[in-house]
Structures are given as C-alpha cells and as structure tokens.
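Visitor: Chain by chain, the residues run as shown.
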Amino acid sequence: MTETSQMTSTSQAGPAGTSPPQPSGGGPGTGGQGTGRVSPFGAQGWLRWVWRQLTSMRTALILLFLLAVASVPGSLLPQQGIDPAAVQQYYTSHPALAPWLARLSLFNVFAAPWFAAIYLLLFLSLAGCVVPRTFRLARSARALPPPAPRHVARLPSSARQQTDRDPAAALDAAAAVLRQRKFRLRTGDGWLSAEKGYRREFGNLLFHLALLALLGAVALGGLFGYKANRLLVSGSSFANTVTALDTFRPGRLVSSSDLQPFSLTLNRFSASYVTSGTERGQPSAFNADVSYTAQPGAPVRHDVLRVNHPLAVDGAKVYLIGHGYAPVFKVTDGTGKVVFDQPVPFISVGNSGLTSEGVIKVPDAQPDQLGFAGVFLPTAVDVGGTLESAFPAPLLPRVSLVSYKGNLGMDSGPPQSVYQLNTAHLTQLPVPPRPLAPGQSIKLPGGAGTVTFTGYREWISLAITYDPGQLPALIAGAAALAGLLLSFFVRRRRMFVRAYPSPDGTTRVDVGGLARSDPAGGFDEEFAGLAEALRGAYAGTTVADDPQLTTTSPGERD
Amino acid sequence: MPINQGLSHFSDHFLMVALLLYFLAVLAFAADFAFGRRATDATRSAEPAELVPAGVAAPAAGGAQAAGADGAAAGPPAATATSSPATAGAGTGGAGTGGAGTAGPTSGAPGRPGILGRRAGLPAGPWVRAGLGLVIIGLALHIVGVITRGLAVHRVPWGDMYEFVIAVSCVAVIFFVGLMIKYRPYYLGLFVMAPIVIIIGLAQTVIYTPAGPIAVALNSYWLAIHVTAITLASGTYVVAAVLAVVFLFADRHSRRVAAGLPVRNGEVFRLLPSPERIDQLAYRTVVFAFPLWTFGIMAGAIWADQAWGRYWGWDPTETWAFITWVVYACFLHARVTAGWRGRRAAYIQLAGFGCLLFNLLGVSIFVTGLHSYAGLN
Amino acid sequence: MSRRPRTPSRIRVRPGRAVTTAVLAAASAVALAGCAGGAIASNTPASNGQSFVAGSPGTTLYRAGAGPQAPAVTGPVVGGGRLSLASYRGHVVVLNFWGSWCTPCREEAPDLAALANHFRSAGVRFVGIDIRDSPASAQAFTSDFRISYPSLNDPGDTIALDFRDTVPPAGIPTTLVVARGGRIAARVIGPVTYSGLKSLIQRVAAQPG
Numbered sequence: 001m002t003e004t005s006q007m008t009s010t011s012q013a014g015p016a017g018t019s020p021p022q023p024s025g026g027g028p029g030t031g032g033q034g035t036g037r038v039s040p041f042g043a044q045g046w047l048r049w050v051w052r053q054l055t056s057m058r059t060a061l062i063l064l065f066l067l068a069v070a071s072v073p074g075s076l077l078p079q080q081g082i083d084p085a086a087v088q089q090y091y092t093s094h095p096a097l098a099p100w101l102a103r104l105s106l107f108n109v110f111a112a113p114w115f116a117a118i119y120l121l122l123f124l125s126l127a128g129c130v131v132p133r134t135f136r137l138a139r140s141a142r143a144l145p146p147p148a149p150r151h152v153a154r155l156p157s158s159a160r161q162q163t164d165r166d167p168a169a170a171l172d173a174a175a176a177v178l179r180q181r182k183f184r185l186r187t188g189d190g191w192l193s194a195e196k197g198y199r200r201e202f203g204n205l206l207f208h209l210a211l212l213a214l215l216g217a218v219a220l221g222g223l224f225g226y227k228a229n230r231l232l233v234s235g236s237s238f239a240n241t242v243t244a245l246d247t248f249r250p251g252r253l254v255s256s257s258d259l260q261p262f263s264l265t266l267n268r269f270s271a272s273y274v275t276s277g278t279e280r281g282q283p284s285a286f287n288a289d290v291s292y293t294a295q296p297g298a299p300v301r302h303d304v305l306r307v308n309h310p311l312a313v314d315g316a317k318v319y320l321i322g323h324g325y326a327p328v329f330k331v332t333d334g335t336g337k338v339v340f341d342q343p344v345p346f347i348s349v350g351n352s353g354l355t356s357e358g359v360i361k362v363p364d365a366q367p368d369q370l371g372f373a374g375v376f377l378p379t380a381v382d383v384g385g386t387l388e389s390a391f392p393a394p395l396l397p398r399v400s401l402v403s404y405k406g407n408l409g410m411d412s413g414p415p416q417s418v419y420q421l422n423t424a425h426l427t428q429l430p431v432p433p434r435p436l437a438p439g440q441s442i443k444l445p446g447g448a449g450t451v452t453f454t455g456y457r458e459w460i461s462l463a464i465t466y467d468p469g470q471l472p473a474l475i476a477g478a479a480a481l482a483g484l485l486l487s488f489f490v491r492r493r494r495m496f497v498r499a500y501p502s503p504d505g506t507t508r509v510d511v512g513g514l515a516r517s518d519p520a521g522g523f524d525e526e527f528a529g530l531a532e533a534l535r536g537a538y539a540g541t542t543v544a545d546d547p548q549l550t551t552t553s554p555g556e557r558d
Numbered sequence: 001m002p003i004n005q006g007l008s009h010f011s012d013h014f015l016m017v018a019l020l021l022y023f024l025a026v027l028a029f030a031a032d033f034a035f036g037r038r039a040t041d042a043t044r045s046a047e048p049a050e051l052v053p054a055g056v057a058a059p060a061a062g063g064a065q066a067a068g069a070d071g072a073a074a075g076p077p078a079a080t081a082t083s084s085p086a087t088a089g090a091g092t093g094g095a096g097t098g099g100a101g102t103a104g105p106t107s108g109a110p111g112r113p114g115i116l117g118r119r120a121g122l123p124a125g126p127w128v129r130a131g132l133g134l135v136i137i138g139l140a141l142h143i144v145g146v147i148t149r150g151l152a153v154h155r156v157p158w159g160d161m162y163e164f165v166i167a168v169s170c171v172a173v174i175f176f177v178g179l180m181i182k183y184r185p186y187y188l189g190l191f192v193m194a195p196i197v198i199i200i201g202l203a204q205t206v207i208y209t210p211a212g213p214i215a216v217a218l219n220s221y222w223l224a225i226h227v228t229a230i231t232l233a234s235g236t237y238v239v240a241a242v243l244a245v246v247f248l249f250a251d252r253h254s255r256r257v258a259a260g261l262p263v264r265n266g267e268v269f270r271l272l273p274s275p276e277r278i279d280q281l282a283y284r285t286v287v288f289a290f291p292l293w294t295f296g297i298m299a300g301a302i303w304a305d306q307a308w309g310r311y312w313g314w315d316p317t318e319t320w321a322f323i324t325w326v327v328y329a330c331f332l333h334a335r336v337t338a339g340w341r342g343r344r345a346a347y348i349q350l351a352g353f354g355c356l357l358f359n360l361l362g363v364s365i366f367v368t369g370l371h372s373y374a375g376l377n
Numbered sequence: 001m002s003r004r005p006r007t008p009s010r011i012r013v014r015p016g017r018a019v020t021t022a023v024l025a026a027a028s029a030v031a032l033a034g035c036a037g038g039a040i041a042s043n044t045p046a047s048n049g050q051s052f053v054a055g056s057p058g059t060t061l062y063r064a065g066a067g068p069q070a071p072a073v074t075g076p077v078v079g080g081g082r083l084s085l086a087s088y089r090g091h092v093v094v095l096n097f098w099g100s101w102c103t104p105c106r107e108e109a110p111d112l113a114a115l116a117n118h119f120r121s122a123g124v125r126f127v128g129i130d131i132r133d134s135p136a137s138a139q140a141f142t143s144d145f146r147i148s149y150p151s152l153n154d155p156g157d158t159i160a161l162d163f164r165d166t167v168p169p170a171g172i173p174t175t176l177v178v179a180r181g182g183r184i185a186a187r188v189i190g191p192v193t194y195s196g197l198k199s200l201i202q203r204v205a206a207q208p209g
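Just so you know, the protein sequences line up as chains A, B and C, in that order.
In terms of our numbering, the first sequence opens at residue 1 and continues consecutively.
In terms of our numbering, the second sequence opens at residue 1 and continues consecutively.
In terms of our numbering, the third sequence opens at residue 1 and continues consecutively.
Hints listed in this document are in silico derivations from the structure and should not be mistaken for laboratory results.
C-beta: ideal position from N, C-alpha, C; glycine also.
You may find that some hints are simply not true.
What the hints assert, rightly or not - Quick partial rundown of chain C residues pointing at chain A, CB under 7 angstroms, derived from the structure:
id, residue
1, Arg89
2, Glu107
3, Pro110
4, Ala140
5, Phe141
6, Pro168
7, Ala170
8, Ile172
Claimed, not checked - Chain A is nowhere near these chain C residues, computed Cβ spacing over 12 angstroms in every case:
id, residue
9, Val77
10, Gly171
11, Pro208
One chain only, chain A, in its complex shape (with noise of 0.2 angstroms):
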C-alpha cells in the first residue's frame, strides 16, 4: 500500500501531465501512511490502482475459482447451444423457474455476458502481468548472473570447504564444474557466479501467453467459423448450401456465400449389431458409404463414412453423427390422385431395438389434408400384447399408424416441426389398429384415401463444421504443455563461489547457494551435491572442512 502512494504522489509529476497535488482525501492506499501528504488519486491513479489490482496473484485466484463455480450451472442445467430439447422440457417442468433462470442467461451459460466477463477479466489479468514478463525476459535473458555477495558463508545454504589449490585454480575447477552442469557463469576477482533455470521462466510465460492464444483461436473459430446438421436419407443428396441445411450456425463474420460448396450423396448405410451376448443388440460398427464432389464439376470422389472418421472436402469436415430408419409411404387422396411418395425419417425413442416414431403430412391431399403418425419397428414381436422391437436390425419390419384428416396448420403461422403434429384442428379417423408390412396398405374410411407402407430406407444425421482456429487452438494447446512441463520440471538455482586465500597456505572456498522459487522443496539436497562436486573437483588434497561451521539450510519458508 505505501508504495501504491508513492507511486500515485510521483505520477502526478508525471508526463500525463495531471493536475498538481492537492490536499484532498485520496482514494485508497493514499494518505494516513504517516507520510504526512495527502496526495489526491486523479483519474490516471484510479486507473493505475485498478490495473495493479486486476493483475495480481490474488485477484487471479479468485478470477480462476469464480470462473469454475460459473462453469457449474452450465454443466447441469440443459443448454440451449447442446439440448435445446431439455431446455424446453425444463421450461414444462418448470414454469415458475425457468423464466427466471433465462433472464440470468442460465440457459446459455457460455455465451452469457457474465461469463464473458469472468473469462475477460481473468484473460486481461493474465495478460497485464505476462506481457511485461515477458518483455522483462526478453531483455534479461542474456544478462549475466548477478555478482557474487561478499559474504557467501552468510547464504542459507552454503558451504565451506578447504583446499590446496591456489585460489585461481579452484575457481577455474568449480566453474568447469559448473559449466557441466549447465549453469551461466560469471567470473570476477576472486569470486564466481553461477546461475541456470532461465527457462523456467520462459515455459512459465510460454504457457500463460499460449492460453492467451487459445482464446484467440477460439474466437477465430467463432467468428470465421460455422456448424450446421443435415439429415440425409440413404439414395438422396445434397449440396452444402444454407436451404439444403437442417442448422445453420454461422459465426459472426460467415455468410452464406462462404459455405464450402461440395455436394454428397449417400449411396447405402449399413450398420452391424451385436448378435449375442450379454451385449445383443449393440452396435458394432456404423458405415455410410458417400460419394462426393468438392464443387460443382470436380471429379466425383468415394468414401466410408464412420464413427471417429470424418470426412474432410475442401476444408470442412463432415461427421456421421447419428442414424435412424426412413419408411416410405405412398398417400393416394380422396381424387384417386398419389400426392405423397417419399420416405419420412422417423426418430428413435431411445431404446435399443430402435423403435422409431415420425409423422406423415399431406397438406396437399384433396378434400381434406391427411396427416399420419406413426411406430417403426425394425424386428417387431408381440410382447404380451404389444407390439416392440427386439432388435435394432431390420429383420422384421412393421408400421402402425394412426390416421387423421383435417387442417394440418401449416398453410400459416409459426413454421412446425417436422416431426410432430399438430392434431388441434384434426380428427382421427377410425382405422382398426393392424401393423403394416412392407406392401401392404390402409384404406381410409370416408374416401379419404389411402396409404400404403412401401418399404423402407435408412437416414444418417451430418454434422458439418468449418473450424479455421482448431488447428491454432492445438498449437496453443502443445505449446501450453510444453510450457507448463518446462516451469514445473526446470529448477532456477543461482550457486555462488568465492576464494580467499587462507593463512595457513591453502585456499578457503566458500560456496552459497540460492532456490529462486522451491515451492516443492529439494534444494538442499541438490546443493549437498553440488558442494560435494565441488569439492571433488579440486584435485589434490582435501582438508577434512572446518566442523564449526554449519551448513544451514533454511527453515520451513513460506
């Protein structure tokens, strides 16, 4: 704090050219110091305060811990940007809550402002106290160890030690030593300085300055960068434009002419199941075979889309993300007319025979649009009077369908989901319940039409990303290794010599030694050693060493 004041009553001199001082009240770390000035903070002061306590190790620990209890929240709460889907069931869950919680941006925790802020704050401390670090190491690294003190004995760990060589000679001897064992010397009369560990420092900023470079690829990625999903049904293709894309993400800076414009086809997927074991019906083993042009007019290319194995065309990576089974159906309406004949990709509920469920929407069947939703169940059994799947592969596939007809809501309001529907303006038809086969079909009564289960096809879901920070943000994350393996694994010592020649002839060495930081402790057992090198290193007799002397070593420091 005194030095704050000093600082603060020297900087009003200073070239910022503020006013002159003036016996106001000052803000804090001003005044009551026993100075007996009262200097006033000015602008420049706040400022210079609040920097000096947004870079230090204090706030930084406390930055760092609040920036994990904000992750907390976002890892339990459903998160719009992962499961937009749960977020909407909490909101049903939870009426009263959910409000609340959205306002504090619960739901989108890493894209909230305060988040932001934490990670801002933490990353502008990081960076205020490593940059001028780093400068300061740029500019030291080649200096010189200091010189060594005059009384080196005086050093918590040091040592003395006795030898018949001239002075000269024994220096020349430890700093050979010492040389071997990587330290910068320094020689002056009489003394030598030693001193190793310099890339500590540097692996300490390395990691730091790396981190920083982690968030600047992130944020490359978020503003250059783009996801989007399509679901491809097995014998169709698409072109990665945004009206073929089921999402589009883009960052900040992407439009829709940036979007890399290959074209995919999905000529066949097969998956493989477990077929016994405890483990029966698992997958083992998911291929879609593509083929491919990177852009209108390229050569058309193969692939195996699979699990782990992404597809990468021109920059962007395509990844089977997941997959399903899309039945087809033949709608013919009241006129006689066929006005639906696709296939409809239907949803997993979850459970392992792949059950499926999806909806049918014939909006344009003549008089009355017809909707359907459906069960699809690739190995149908009977179970106790209903119907399941006992396994996922399609070995023996039915439908069963509930029909309506009515006003679908789709000629206005809010677009609807594809896969649900909206039966307020619709009535069911009465259709005996009776699973479909492939080939067989429904007549609906009424006139209404028909509709018949044709076969069925298979769907996979693509995630499609274009990422240009990943590659920067793997550098930074080698480089932050690299970093942090060097500050923690490389020790700073600095080992002073000194040689006085003693009265009785032989030459008195004094040796000391210094730990820069040793958070983990272990100094003094290499400074045992080193000594103990040293003393080797003088050739010619050794004088047992004086025992009065103590070879100190520092108490518990903290």
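Please arrange chains B and C on chain A, whose structure you already have, making use of the hints.
Guide: Same frame as chain A, now just chains B and C:
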C-alpha cells in the same frame, strides 16, 4: 472378435484376491500404528527441513555427531538435509552439527533422522514390511486382473466405468508403492490403502459390468491415449487428496500442540512427520498429475473433434474436467502465494478432488451428455 | 505474480505498457465479438425440430445494373419437361425457392399465384424452384394452390449451389427478382406479401434493359 468370457472371469478372480490382500495390508498398517515400535527420544531428532529421496548421499548430516562418530551407515542410507539452527538443540545431544565436509553417506545409522523425521532411519517395522509386501503382491495381482480384462475385451481395459475405476485404483496403488520406495512415508500406508479397498470393493459390487464390446463411438485409438492419461492423472490425484487430508489433520494437531490445547490421538500424530513435509509431498504429487490431466483434456478435445465435430462443446463431462483443471490450477497458484499455503491450499486441493470425483462418477450417473458411457442403465 | 516494489524515480508510463494495453483492448474486443458470434446466430430456427433454415427476413435491392448476373439455371420441370432460364432473357423473371412442407412457403403461395397471373400479360415470368420435395408432393402443391407457372425440381441442390457466388438463397422461402438483362435486382428472404412483391416487380420492370 467375441468377448473371451473365460479371461473375463479370470480377471474378476484376480481382482478379488487383490482386494483381499489390500484389506490385509490395511490391517497390517493399522497394526503398525497400534503396536509398531515407538520412536524414542533418542531417535526423535531434529527434523530435516526438506524432502529428500532416500538413498541420495549427502555430505551434510543433520544433527549428526561430529565427523568420525558417524560410523558405517546402517539401515537405509537416508540422506538428509541439515537441520536449521533452531531445531539443532532438540535432541542432538548438543553436538555441533556437522559441516558440509563429511564425505560419503552418513546418517544411516539408527537414530539419525531420515527424510521423514522421527521414524526414518529406523528400519521399517515388521508390520509395515508385512503391509508393504501384501500391497506389492496384491498390486501384481491387480495388474494381472487389469491386463486379463483387457485381453478379454480386445482393447485397453478402461472402456466403461467399472474398468475405469479399477484402472484408476491400480494407478493410485502403483504411485503409492513408488512413493513408499522413494520417500518412505510409512505412515501413509493406512490412509491410502483404506480408501483404495473401499473403492475397489464398491467397484466390484455396485458398478460391476461384465466384459462386453465397446460402444461404437469409443472404438478408436484415442481411447488408449485420452482415457489412459485421465486414468493416470486421476490415480495420482487420489493419492494427493489422501495426503491433503492427512496434512490437515496433522496441521490441526500441531497447531493445537503449539497453542497448548489438549489433543487427542497424540500417539498417532507423533508418528507422522511435520505437516510441512506432508504438504510438500502433496504438492509434488499434484505437480506430477497436473500436466497429465492437461494432456488428457487436450487429447479428449482432439478425439471429440474426430467423433463429434467440435473440439469443445461444454458437454457436462468436458465442463467438469475444465472445472477440475481450474481448481487445481488455483491450488498451484495458491501455493506460490504468500498467505495461501498450508491449510487454504489443502482445502483448494480437496475441492479440486471433489470436482474430479463428480467429473468422473457424478456426471455419468446424474447428468446425461455425450460422455454417458458408464455402462449403467 | 506479485510486482516488485518500485522506487519512485522509475515510475513512468513506459511505451511497453501503453502498447500492452492497446493490444489487450483490441484482443478483448475481437474475443468478445467472436465468442458472441459462436452462439446461435439470429437466422437459425427456433428449437422446435423444423428441418430448414428460415433465414433472417429482409429485402435486398440492387441499383439498376449493379446486381450480379444470374447464373444459368436449367433443370427438369415438375410434371415433365425441361426449362432453362436463358429462354426468359428479355423478360423480368421472379424466382421463388419453395417446399410443400414449409409453412411460410404455403403462406405466400396464393400471393405468388395471383401475382403470376397479374403480371403475365406484362411479360413477367415466374419460375419456382422446389426444394426437398418428391415429384408427387410438388405436383400436389402446385395443383392445390393453382400455380400456373412451372417449377424446377432441385433434389441435389445444384440450382441453389449455382447461386452461391452471386446472391445465394439464404433460407426458405427466398424470392429473387431478375431484371430483363439477366442481372439479379432484388432478393427477399422470408414470405413475400402481395403488395410488397408487386411493387418490387414494378420497380424492376421499370428499369431499363
């Protein structure tokens, strides 16, 4: 490739026997506390200030008798740093502490303070030797159990939660045995092995899953990289957490002693080294684990990019791994900040361990995300 | 990371510190922008399972002669035959990207049909481009809404891709108005209104060549 059920059962049997041996080792370590040789005043000499690996020769002999009285090294040649002048008076018999001149290993003789203070320098008592022997044999069986499970399922044996917990406990025991050999913290035996026994017992009963084929999404060579790193780091963090708890108790005890307050279980605490050294050992353990954990997160991010299309998506497991990393980073920063060492740092470390437990076990059980491969229904 | 105590004589605003601050401010601004952009942007559909990108509604108008040249569009017509946009050179062309499954497209369909009839005598040609529909659904749609103008089927999204370098359809529905000379004059993302599209067409039709 079909699962080899025979090998899988083999693995289960080996693990059961290992568990039994660990349990007996816990009894042995407890017996050492109860019946083991007490440190007497003559041997309870000044504590060395720094943590030093056993077997390193040092010219300095703390509290050593003057050069010449050392005699031959007997017992484990535990090298010591020297005592500070403040403690030199305690029990050294007033002999001047030896200078740095004595050559060769010293302080091996009985009565020298070893690296762990009061009881070091003493040969390990019969109970400790029995306990350690049981642990080592049990560890061998444990490793065999892990390997046979891996052979049974034709992949690295950490693909579901049961296998993962078994592997983590194996790593913890390996690390513990390594510590025992290097630093001889005999007091640690009881406090590390007892939780290990509980963990393995729970794994074999509550979360046991029979050997089965791996989920498709996990079928990648990244399993061997990412999960191995996380396993190694987690096992080491377990040991660090045990050390933190022991430190807190020892620190509380020494404060109460210093303040003259009545203490309980003083016998037990007299057998432990100073809280500072326990703290240092805990710090070193975390320093070993932290880069592994960082690497594990990075490898996980690379794998996530391969499998799910993004290297970081704030999936609950990813988020908690991040939280764990941040809290341990807090601990490392705290330890170099004046005023935050000691108890506060230990609390932060335990908070980090709590986050680790939630990350590995809680998230899989309570929260659904992309990482739900626990094998539990 | 504590600071070394400084002696007063060394307190000065060093250039290094100013540079540091400036760099940091810039970096934070970039990061803030980037991170916010990483979240779901405004033109993504609500989380209700609809399987298309609605796009952020809006109209873009190009100055006369300043819009990009429309690409050569050609393809099979729903109901049979082939059509090429080149055959409409000299006419104002309205291109509408639609799908029978898309509610906003159904909402604007009557207006489009009416406008097509209204402007037929003026020589304005309407062409639909059908996205993700089977031929049966497409035919049912055109007869249901009595759409008299032809629609091209675009199962592989090749037509949409053709527009990528010019004025891409950034959602469904999208309506493009192409001037007589073949340059794209306007784009409407989202459903059109009768009066809105009418005035747009009249404006483009009034442009020379």
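Visitor: All the hints need checking, so say for each whether the structure fits it.
Guide: Hint check:
1. Of the supplied interface hints, the one on C:Arg89 is violated, with its beta-carbon coming no nearer than about 22 angstroms to a beta-carbon of chain A, more than 7 angstroms.
2. Hint status for C:Glu107: holds, given a least beta-carbon distance of 5 angstroms to chain A, under 7 angstroms.
3. Among the interface hints, the one on C:Pro110 is violated; its C-beta lies about 9 angstroms from the nearest C-beta in chain A, farther than the 7 angstroms criterion.
4. The interface hint given for C:Ala140 holds, since its Cβ lies 3 angstroms from the closest Cβ of chain A, which is under the 7 angstroms cut-off.
5. Look at C:Phe141: its Cβ gets to within about 5 angstroms of chain A, closer than 7 angstroms, so that hint holds up.
6. At its closest, the beta carbon of C:Pro168 sits 4 angstroms from a beta carbon of chain A; the interface hint therefore holds under the 7 angstroms criterion.
7. The beta carbon of C:Ala170 comes within 4 angstroms of a beta carbon in chain A, closer than 7 angstroms, and the hint placing it at the interface holds.
8. Annotation: interface hint on C:Ile172 holds; nearest CB of chain A at approximately 6 angstroms, less than 7 angstroms.
9. Look at C:Val77: its CB is around 18 angstroms from the nearest CB on chain A, clear of 12 angstroms, so calling it non-interface holds up.
10. Non-interface status of C:Gly171 relative to chain A is broken: a Cβ of that chain comes within 12 angstroms, the nearest being about 6 angstroms off.
11. Interface exclusion of C:Pro208 from chain A stands, the closest Cβ pair being 28 angstroms apart, more than 12 angstroms.
In the structure shown, a violation is registered for the earlier hints numbered 1, 3, 10, in ascending order.
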